[in-house]
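Student: Sequence:
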Amino acid sequence: MLLRQKNSSEVLCRKLELNIDDADPTKYYVCYDFLCDKYMFCQHKSAYFGYSNNPNCSYGKLMNIETFLSNKKAVDNDGLDEAFVKGIMLIVTDVLQIMPIGTETCFTHLKSLDIKGRDLLDEHVVHVGVDEALRPLEASLTSKFALTTAIINSNNVDIKKPKQEK
Numbered sequence: 001m002l003l004r005q006k007n008s009s010e011v012l013c014r015k016l017e018l019n020i021d022d023a024d025p026t027k028y029y030v031c032y033d034f035l036c037d038k039y040m041f042c043q044h045k046s047a048y049f050g051y052s053n054n055p056n057c058s059y060g061k062l063m064n065i066e067t068f069l070s071n072k073k074a075v076d077n078d079g080l081d082e083a084f085v086k087g088i089m090l091i092v093t094d095v096l097q098i099m100p101i102g103t104e105t106c107f108t109h110l111k112s113l114d115i116k117g118r119d120l121l122d123e124h125v126v127h128v129g130v131d132e133a134l135r136p137l138e139a140s141l142t143s144k145f146a147l148t149t150a151i152i153n154s155n156n157v158d159i160k161k162p163k164q165e166k
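Heads up: the sequence shown begins at 1 in UniProt numbering, then just goes up one per residue.
Check before you lean on any hint, since a few could be wrong.
As the list claims (entries may be wrong) - Calculated cross-link-like contacts (lysine to any residue; reagent style SDA-like; alpha-carbon spacing at most 25 Å):
#	residue 1	residue 2
1	Lys27	Asn56
2	Lys111	Val130
3	Lys144	Ile91
4	Lys116	Asp131
5	Lys144	Gln97
6	Lys144	Pro100
7	Lys27	Ser58
8	Lys144	Thr93
9	Lys144	Val126
10	Lys116	Gln97
11	Lys111	Val126
12	Lys116	Thr93
13	Lys116	Val95
14	Lys111	Glu123
15	Lys144	Ile115
16	Lys144	Glu132
17	Lys144	Val130
18	Lys116	Glu132
19	Lys116	Met99
20	Lys144	Leu121
21	Lys144	Val92
22	Lys144	Phe107
23	Lys27	Leu62
24	Lys61	Asp94
25	Lys144	Ala133
26	Lys27	Asn64
27	Lys144	Asn64
28	Lys116	Leu90
29	Lys111	Glu132
30	Lys116	Asp94
31	Lys116	Leu137
32	Lys144	Leu120
As the list claims (entries may be wrong) - Estimated spans, in silico, between C-beta atoms of each pair:
#	residue 1	residue 2	range
33	Thr105	Gly60	54 to 62 Å
34	Val126	Pro25	34 to 42 Å
35	Asp24	Asp119	53 to 61 Å
36	Gly129	Thr26	35 to 43 Å
37	Leu96	Thr26	38 to 46 Å
38	Glu132	Ser58	55 to 63 Å
The hints are simulated quantities; they were obtained by calculation from the structure and are not laboratory data. Backbone N, C-alpha and C fix where the C-beta goes; we use that ideal spot for every residue, glycine too.
Let the sequences and hints guide you as you build the complete structure.
Tutor: This is the structure we're talking about:
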């Protein structure tokens, strides 16, 4: 067991495009009666499995049949595309300050902007790709409001290119 340590995030690592877990998939061992129960509706009620092929199940049968977790079922079980990062929502201000969304954070930020009424606010959900990520960097060199210029008004305003020094 010390030479073949288990990765507790093995199933999550399978979701990643980059293989960061070079270990072989975990092998599980079950007894013959467990498989018989699964496929032939036998009376074996044990749901034990083991990591090595030596132990016995609750009925005293040797667990020596190797099995794997189904890759598709185990990986897609939660129905989400994320592996380690669950969808997080952030507030990004015009001065490129990033804050987690929360009641206190929102009210503090609105107070700092001297916004007193909810009717003055607009909500914009923006999906950021590579092009959208580069536009605020370019706009930050020419505008005080880089996010508004680059993302919110990206269809209406052309970003001025900074002067090149010779």
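Student: Are the hints correct? Go through all of them and say.
Tutor: Status of the hints after comparison with the structure:
For the proposed pair lysine 27 and asparagine 56, the alpha carbon gap of about 16 Å is at most 25 Å, so the pair holds. Taking the CA atoms of lysine 111 and valine 130, the gap is about 32 Å. The hint is violated against a cut of 25 Å. Using a Cα cut-off of 25 Å, the hinted pair lysine 144 and isoleucine 91 holds, with the two alpha carbons roughly 18 Å apart. Proximity of lysine 116 to aspartate 131 is assessed by CA-CA distance (about 34 Å); at most 25 Å being required, the pair is judged violated.
A C-alpha spacing of about 13 Å is found between lysine 144 and glutamine 97, which places the hinted pair at or below 25 Å, so the restraint holds. The hinted pair formed by lysine 144 and proline 100 meets the criterion: a straight-line CA distance of about 22 Å does not exceed 25 Å. Of the supplied pair hints, the one linking lysine 27 and serine 58 holds, its CA atoms being roughly 20 Å apart against a limit of 25 Å. Pair hint lysine 144 plus threonine 93 holds up; C-alpha atoms about 12 Å apart against a cutoff of 25 Å.
Taking the CA atoms of lysine 144 and valine 126, the gap is near 20 Å; set against the 25 Å cutoff, the hint holds. Restraint check: the Cα-Cα separation between lysine 116 and glutamine 97 comes to about 21 Å, which is no more than 25 Å; the hinted pair holds. Of the pairs offered as hints, the one joining lysine 111 and valine 126 holds, with about 23 Å between alpha carbons and a cut-off of 25 Å not exceeded. Proximity of lysine 116 to threonine 93 is assessed by CA-CA distance (about 17 Å); at most 25 Å being required, the pair is judged to hold.
For the proposed pair lysine 116 and valine 95, the alpha carbon gap of about 20 Å is at most 25 Å, so the pair holds. Distance check on the hinted pair: lysine 111 and glutamate 123 sit about 17 Å apart at the alpha-carbon level, within 25 Å; holds. Of the supplied pair hints, the one linking lysine 144 and isoleucine 115 holds, its CA atoms being roughly 19 Å apart against a limit of 25 Å. The straight-line distance between the Cα atoms of lysine 144 and glutamate 132 is roughly 17 Å, inside the 25 Å bound, and the hint therefore holds.
With a C-alpha separation of about 22 Å, the suggested pair lysine 144 and valine 130 falls inside the 25 Å cut-off, and the hint holds. Pair hint lysine 116 plus glutamate 132 does not hold up; C-alpha atoms about 30 Å apart against a cutoff of 25 Å. With a CA separation close to 20 Å, the supplied pair lysine 116 and methionine 99 stays within the 25 Å bound. Distance restraint check for lysine 144 and leucine 121: the Cα-Cα separation of roughly 20 Å lies within the 25 Å cut-off, and the hinted pair is therefore satisfied.
A hinted pair counts as satisfied when its Cα atoms are at most 25 Å apart, and lysine 144 with valine 92 qualifies at roughly 14 Å. Note on lysine 144 and phenylalanine 107: the hinted pairing holds, with a Cα-Cα distance of about 23 Å set against a maximum of 25 Å. At roughly 16 Å between alpha-carbon atoms, lysine 27 and leucine 62 fall within 25 Å of each other, so this suggested pair holds. Straight-line distance between C-alpha atoms of lysine 61 and aspartate 94 comes to about 66 Å, which puts the hinted pair past the 25 Å bound.
Between lysine 144 and alanine 133 the alpha-carbon distance is near 17 Å, which keeps this suggested pair within the 25 Å criterion. For the suggested pair lysine 27 and asparagine 64, the alpha carbons sit about 11 Å apart, so the restraint of at most 25 Å is met. Proximity of lysine 144 to asparagine 64 is assessed by CA-CA distance (about 68 Å); at most 25 Å being required, the pair is judged violated. Among the hinted pairs, lysine 116 with leucine 90 is consistent with the structure: their alpha-carbon atoms are about 22 Å apart, no more than 25 Å.
With a C-alpha separation of about 28 Å, the suggested pair lysine 111 and glutamate 132 falls outside the 25 Å cut-off, and the hint is violated. Proximity of lysine 116 to aspartate 94 is assessed by CA-CA distance (about 18 Å); at most 25 Å being required, the pair is judged to hold. For the given pair, lysine 116 sits about 30 Å from leucine 137 by alpha-carbon distance, which is inconsistent with the 25 Å threshold. A threshold of 25 Å between alpha carbons decides the hint, and for lysine 144 with leucine 120 the separation of about 21 Å falls inside it, so the pair holds.
In this structure, threonine 105 and glycine 60 meet the distance hint of 54 to 62 Å, their C-beta atoms being roughly 59 Å apart. About 39 Å separates the C-beta atoms of valine 126 and proline 25, a value consistent with the hinted range of 34 to 42 Å. Between aspartate 24 and aspartate 119 the C-beta distance comes to about 60 Å, which sits within the given range of 53 to 61 Å. In this structure the hint that glycine 129 and threonine 26 lie 35 to 43 Å apart at CB holds, the actual value being about 36 Å.
Roughly 43 Å separates the CB atoms of leucine 96 and threonine 26, a value that falls within the hinted 38 to 46 Å. For glutamate 132 paired with serine 58, a C-beta distance near 57 Å keeps the hint of 55 to 63 Å intact.
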